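Number of protein chains: 2
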Amino acid sequence: MPSEFELIARYFDRPARGALLGVGDDAALVRPGPGMELAVSTDMLIEGRHFAAGANPRALGHKALAVNLSDMAAMGATPRWALLAIALPAADENWLAGFTRGLFTLAERFSVDLIGGDTTRGPLAIAITILGEVPDGLALFRAGARPGDDIWVSGALGGAALALAARAGRATLGAAQAASAGRRLDEPEPRVELGERLRGIATGAIDISDGFAGDLRHVLERSGVGALVHYARLPKAPEFADLGDEQLERDCVLSGGDDYELLFTAAQSSRTEIETLGGGLDIALTRVGAIQPGDKLVLLDARGAAMTCGGGYDHFAS
Amino acid sequence: MPSEFELIARYFDRPARGALLGVGDDAALVRPGPGMELAVSTDMLIEGRHFAAGANPRALGHKALAVNLSDMAAMGATPRWALLAIALPAADENWLAGFTRGLFTLAERFSVDLIGGDTTRGPLAIAITILGEVPDGLALFRAGARPGDDIWVSGALGGAALALAARAGRATLGAAQAASAGRRLDEPEPRVELGERLRGIATGAIDISDGFAGDLRHVLERSGVGALVHYARLPKAPEFADLGDEQLERDCVLSGGDDYELLFTAAQSSRTEIETLGGGLDIALTRVGAIQPGDKLVLLDARGAAMTCGGGYDHFAS
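Chains A and B supply the protein sequences, listed in that same order. Numbering-wise, my numbering puts 85 at position 85 of the first sequence, and it's gapless, one number per residue. Numbering-wise, my numbering puts 341 at position 23 of the second sequence, and it's gapless, one number per residue.
In case anyone wonders, no lab produced these hints; they're calculated from the structure. All of these numbers come straight from a predicted model, not from anything done at the bench. Don't take every hint at face value.
[Claimed, not checked] Stretch by stretch, here's where chain A covers chain B in the computed footprint (C-beta under 8 Å, at least three residues):
| hint | segment |
| --- | --- |
| 1 | 366-378 |
| 2 | 389-397 |
| 3 | 414-424 |
| 4 | 453-464 |
All C-beta atoms in this analysis are idealised placements derived from N, C-alpha and C, irrespective of residue type, glycine included.
Bound-form chain A, shown alone (with noise of 0.2 Å):
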């Protein structure tokens, strides 16, 4: 069996063109650029909580770096460095490759570096630590916005929280469907160019990790105020339109989290920037309501009433 020493030397050592100093002492050395302030965020991913046992390790590797790089996007940062701690229950050479070639595939595009980390045996765990640059004062923050401003999203929501109800049976998708919903829960798209092209513009901002609703009140409660918001903007993802359980749809839609677009705020004198910004990036820029004074998310269904909706997700409640 390969040592840790090696495993790291095969798998995890690459060149880190951007770094002072990568894997292989006993810290990384990097240098921010001038004028640049340094966003760093860390997430943690649980085999049996955030994946399913036996999951796809490429897939894995994809998305516990896809969920960092969205984090970066919604402060409206430059991912540069990645870090990785993971626990596994064995050297699994095979589980490896896969793992660290859709972990590697993902950061090439992004031009991050791996610049460290820790390996070491134990229930399969993964956290990933990145960091990123942006220029002082143009950071995203939850905290911006303001009565009057729009409420955007980016891309479709609910297909992740979908792809998850089908494998738990709770829903009946087609073939082609549960595939397209199944890379939305696997390999999400983190949205860094549009955080970056947001600065400046948006008022608040918040990747949608937790689900719509849930994500959506970090913000209000971060910047002091409401929000009017109609469901039937809301983009859904493809997947439901064939489903016809508008039940399911709302929860997904509203609480399924794992999304990872963009929720941002912006003023009503941005609108047509953004729609060109959207159609630059070819990304859906979706309109979905208005922040109000006050601290009440009000969520209103077609016909102009009310809706209830519950909270993101919670670790610990369920």
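Starting from the known structure of chain A, fit chain B onto it as the hints suggest.
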């Protein structure tokens, strides 16, 4: 049961005085000082591997941060910011209160801010990422040892491994010795000030986490040199004094790991400066051997005969 967000607010969300933005957004924001490089490292602790089930949570909070501070010390970096990713089997508030007391007490001693993290449910796993600053060009590396350099060790070796052996029934210690060895294992003291003061003095450095011999080998490999070490000169934890078990002592001192002392190399011309430094910090600094040309680690016993010793700790070999 408190929600994930209530737990974060109650236990982890402390003012981050040295950061632009701390816990509570998609990422934290920090700005390294002018002329500073950023040292970044991550370490993961897993129940049943790095600590026993039922371990004292306060000590665990201390140790989880201490092992990361030790990596900063080995780089000559000043620790500034930490992120905590933690998987917990349940929202046990007594446990969390103890864990965060241990963590924050140590963090405050070194003016380290907890700026972010991730809290989830799962088998107990703790991954901390530490960020520190070091003036441009002054970081300590494993790869700087040169033939003729002295090899130095801080503090005393083997005590942590001895405590582990005693708990496993492989050694019998008196109550006072069990307690003091136990503190070496459970609450190691990271050598942060020593690492900072060794900038410009040490030619190579590493912290002893996997055992003296294995960690020295990392320095030798990275530096492309060999070494001659006199076992009799190695500083041994005082808890070995009355034990009379030479084999166990040798195993613990050479291969035990978990000591978190610094092993460093320096030119012979630095001897007086290093002795003065150790006196000022009240840390024993012991010269244990010399760097040599070649690639061999030669260990001599008290009679000048070559000793064999195993490697360091390998998470996938046991």
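Now the hints, each set against the structure:
1. 366-378: As far as the segment 366-378 of chain B goes, the hint holds, because 3 residues have Cβ atoms under 8 Å from chain A.
2. 389-397: holds (count 5)
3. 414-424: violated (count 0)
4. 453-464: Per the Cβ count (5), the hint holds.
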